[in-house]
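All chains should be built: construct the whole structure from the sequences, respecting the hints.
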Amino acid sequence: MKNLHVDTLVIGGGIAGMQSALDLADQGYRVALVEKNPSIGGKMIGLSKVFPTLDCCSCITTPKMSAVAHHENIELLTYSEVEVVSRKKNGFTVQVLKKPLYVKEKDCTGCRSCEQVCPLDVPDNENEFSRTAHRVIYVPFTTAVPQKALIDIDYCLFCGKCVQTCPSNAIDFNQQSQQLEIETRTIILATGYKVTPYNAKKEYGAGKLLNVIDGLMMERLLAPTGPYGRVLRPSDGKQPASIAYVQCAGSRDQTLGVPYCSRVCCMYAIKQAMLLSGTLPMADISIYYMDIRAFGKGYEQFYQSAKAMGIEFIKGKVARITEDENHNPSVRVELIDDSSRVVERKHDIVVLSVGMLPGWNPESLIGVSTAEDGFVQIPNYNIAPTITAQYGIFATGTAIGPMDIVDSIMTASAAAAEVAAFIRSQNRNEMALI
Amino acid sequence: MAEESKKLEPTGASQAGSISEEPRIGVYICDCGGNISDTVRCDQVANALRKLPNVVVSRRYQFMCSDPGQKLIIDDIKENGINRVVVGACSIFLHEQTFRKTVQRAGLNPYLYCHIGLREQNSWVHHTYPIGATTKAIRMMSAGITKARLMKPLEDIHLEAHKHVLVIGGGVAGLRSALSLARSGLQVTLIEKSHFLGGHLAQWEQVFPTEEDARTLLNGLIEDARVQPNLRILTGAEMISAKGYVGNFTICVRQQPRGVAGNFELIDKAIAVCPVEVPDEFNFGMIKRKAIYRSYAGCYPASPVIDREHCTKCGECLKVDKKNSIHLDEPAIEIELKVGAVVIATGFRLYEPFQGEMGYGKLSGVITLPQLERLLSSGRSTENALKWNGHTVRSMAMIHCVGSRQIEGVHAPQPDGKVNDYCSRVCCTATLSTANRIRERFPDINIYDVYQDIRTYGRGHEDYYTKASKNLVTFLRYIGEEIPEVVQAEEGAEYSLIVRVKDHLTWGEEIELPVDLIVLSVGMMLSPVKDLVEMLKVAPGNDRFLLEVHPKLRPVETAVAGVVLAGTAQSPMNIQESCAAAEAAATKVVVLLNRGKVDLEPYIARVDPKRCKGAGECVRVCPQEDAVHLETFIDNGKTLQRAVITAANCNGCGVCVSACPNHAIDVQGWSLNDFNAMVEAITSEIPIPESTS
Amino acid sequence: MKLKNKEETRKQTHILGELRQQHGAQVKHAKELLKEQQTVRKTLQSVLQHEPQSVPQLAATTKIAAHVILWHIAAMKKYGVVEEAGMDENREYYLYRLAKEAKS
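As given, the protein sequences belong to chains A, B and C, one line each in that order.
Mapping to this note's numbering: the first sequence position 300 is 300, numbers consecutive.
Offset between the second sequence (1-based) and this note's numbering: plus 1000.
Offset between the third sequence (1-based) and this note's numbering: plus 2000.
Keep in mind that the hints are not guaranteed to be accurate.
[Said to hold, decoys possible] Quick list of in silico lysine-lysine cross-link-like pairs, DSSO-like style, CA-CA up to 30 Å:
id, chain 1, residue 1, chain 2, residue 2
1, A, Lys99, C, Lys2011
2, C, Lys2006, A, Lys161
3, C, Lys2042, B, Lys1071
4, A, Lys208, C, Lys2042
[As the list claims (entries may be wrong)] Cβ pair distances, simulated, as ranges:
id, chain 1, residue 1, chain 2, residue 2, range
5, B, Ile1407, A, Arg112, 51 to 59 Å
6, C, Lys2042, A, Gln254, 50 to 58 Å
7, B, Ile1407, A, Pro379, 41 to 49 Å
For the record, the hints were derived by calculation from the structure and aren't laboratory data.
Backbone N, C-alpha and C define an ideal beta-carbon position, used for all residues, glycine too.
Right under this line is the structure:
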């Protein structure tokens, strides 16, 4: 068993987790960052561009990923999950399970030769929503940190081609999962979000309509590293001429048990619409909405620009989506601003602007309570937004509620401030007892 | 992916970055995920540059700032003997530091790195002209390569930093930030312009989404601040001058004394006898206060204050003051502070509607939402009815977006000619929260909510909208230019005011709402801090709020190192967001000052003693304080003058270089020679080769 | 440089054989997937040998569902087996052809 002694354990390697880790590491604190996926970067690394500045997501995420990987005060544990958390005097003992990559990390150089010779393609669920494939042995994506290969062992033929090709002899089918024990003074929950399932509403096709996708899938289509390298519709690869967005498709919806607003969907839909009008100048883009929530700095101006660019904003909650025999989806909607007449409108792709659900429920494992909306409970929400009800445990980013990148970064630095203050006061108390 | 380079064997075994070695330049063009490569033909650029002298490798990569991208550079330094690096990428503000650290990790001096901005300065402004953009990119990179040939290794200037922070503003963000900073071990001085802490928070009754009592929340913060040992609070205090740079600011603060001390009983009598009455700003002008006053009962500091602007010095209060507690003529004091960083937490001011805007100021019964808040919490309305001007309110209209989401040409601009085109973020939830409270407290009051979009975006906010619906608030929706109209009803009408709305929830019907009271949900604007902003040299953005370096990556830092933003000085936000921002700002400052030293870039002026004749032009034109001065010295019996630089105060702007008649002064790391060479490079044609892909 | 001698190679082969036995059912399933994949890929590649085709054209020729073909095209494009070759005459669908290296 490998033992680590740190000041903070950050659970989650998305933008919030990385920012908290960096802020604390820069102050000299020892940080361990545990991420369940093979690479850090969270959801952000998979996005195309951010609103409203339209910076490319990779460009602003990868430097943080790199900084985390190379920081002398941060121990990075990827493909690892927290299994047991026990409270002890002055902190916690955490058992972490590092899953087997079946590749020796210290030997793998990320050259991807193994990937080239592996004979079997499997649908890439994790990164590309199955729109394209990855080989059974693969590096998650070009900018993955760490840049190491791993084997999807459930599909492995054990043909040995990768073993023959690997120049560093890094493949190890006997690799076992590793148990690590981390002693830490504090924990930061940065476990992020998952989207409301796009197949949840039967009125929207229950996920069976080929050309009805969700916002994250469209991000991948728009990203330069996406499955097709351009925006094509999934049923037949057609370049769409008409794209529709259905807002609040998974939020503000009592029938789904998600009555709250997911905060980012208006803006990401507008952003995607702007990007689409750039890459497909002839396409018609319509956004069917309830309210346009462009509330942040520069957001309203971004919204007005989108209108000026010809993106159609139509007030009306889409009631139903169907498709014809060629998988062309149609939306049925009441046009509130046009005598409330009910129409059926055909499009090439319909994007469901899905909302956010908490990525992880920490209740059973860590004893941190969640609120009615499922996100981490924050007792003193206004004044101390990152302190949970559990002593020594803090939370940040979308673990404490739907939020965009700016707010994730701010709450991450705020969590770092609270952790630093906590540790200092603990030290003072210890000194006082001596 | 990256293209191959011609491989030259590294020359000799010289230390990476030493002056005598031959430059071996690594050139990298970043696609920036399409942001650059969508317009600039990056492969052509890389190919064109490969042929230039001293260029050893010329690569193109999709994301240079990513780990694999950075690895390309590190590997080239280690394996191909690269000793100068030029990257063409996004803005210098975003990633110059990133790549400096990259080359440093590979063992190279960080100042042997040159960053060329091919995005903001090229692809983003020439996206309809790819050929021109590509040519320009080649020239820009060529200039960078030219510079790279001339670069020499430099060392940061290390200076002691004061582990002391100035927080400007005593509202919720200022207090939160100050507490965070003090708890981290830094010395903190908080200055608040008014004589009372709490800012706007003190003026509200209940805060969303927790429904906590605002005063209780505030008092908790104030109490924590009060007992925090290394936190000093000065009220009635304003910054009057600021000099210096990160780690070493010298700030002058002027503090107005309260003019009142001690015995509270007598003070209340003094207030009673004071003949001066002025509009009470705490209650948004709805009632009056005296020239000796407290902002509210339970305020902190609890001692009242003399309003020097309005005090006539009549002396009535002195007559009742038997213990000499009132001092009308106490002078202001000036305090000099030496701090390492400044937190701007100066907050917001509310939009003041124009006279006649929706009847405001002209018709009785048109008030703002903050005024309504004061009305509800003032205790005057503990009865069963809400009264305005002696009349019971039976029906009211609440109008959203007054002073926000304004349209040029439609709404009247502010004195600076601009309209407030931004959303003020908090007002939708605030309005609905108040609407619910009124419906619950006064069930007979009918409320019309006139809005554009309901922006209850935050955690727990949507509930207010749902609840308002259940509470039978009637919603009407107007669109942008069709601003609701407010008119006086006819003589003898049942309700004195009418709101006319073109309601798009009922297909554009023109609806008239007869009401007793109209509440305008006014937006936020930046507080009047023009002087402060100039003193600290921070920049406002288009929306007048203070500008951060990068809205996504660095949301609380300004372009001035050591000056950070906390709260609504930066942008409209609610209390929870202000506290998160305030703590984030504190973290940035702690990271900066923790080690007790700061590292400044080495781009400072250097005087060539052989050429300097003491002309003094540099001193005359230098915009910085104490960066350069003339010193007298004796040489061979002759008295001469020569310019001397104080490195710590010089920011390398180079104005002196242009003024010196003897070419005796230059900026280290950015010399005149460098610029001449770069201009030559930009004006030289480089053929664009065929694309390889 | 990988240093492998005959002894090591034999050992590896033995280990792989054992693993295939151990994970019998899963390997069988993976082999079936592989066979299916190779069949589809072979069909697609043989059609693309002659001239560039769009996804609907490939679907019409091979009778394989269009969305399935798109997945294969995307995977083959990712690993350099096919590349784009302009658009069809209606400018609605992209055409694909075998990548030059793959062809030779």
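Now for the hints, and whether the structure bears them out:
no.	hint	result
1	A:Lys99 x C:Lys2011	holds, 25 Å
2	C:Lys2006 x A:Lys161	holds, 16 Å
3	C:Lys2042 x B:Lys1071	violated, 38 Å
4	A:Lys208 x C:Lys2042	holds, 28 Å
5	B:Ile1407 x A:Arg112: 51 to 59 Å	holds, 53 Å
6	C:Lys2042 x A:Gln254: 50 to 58 Å	holds, 51 Å
7	B:Ile1407 x A:Pro379: 41 to 49 Å	holds, 42 Å
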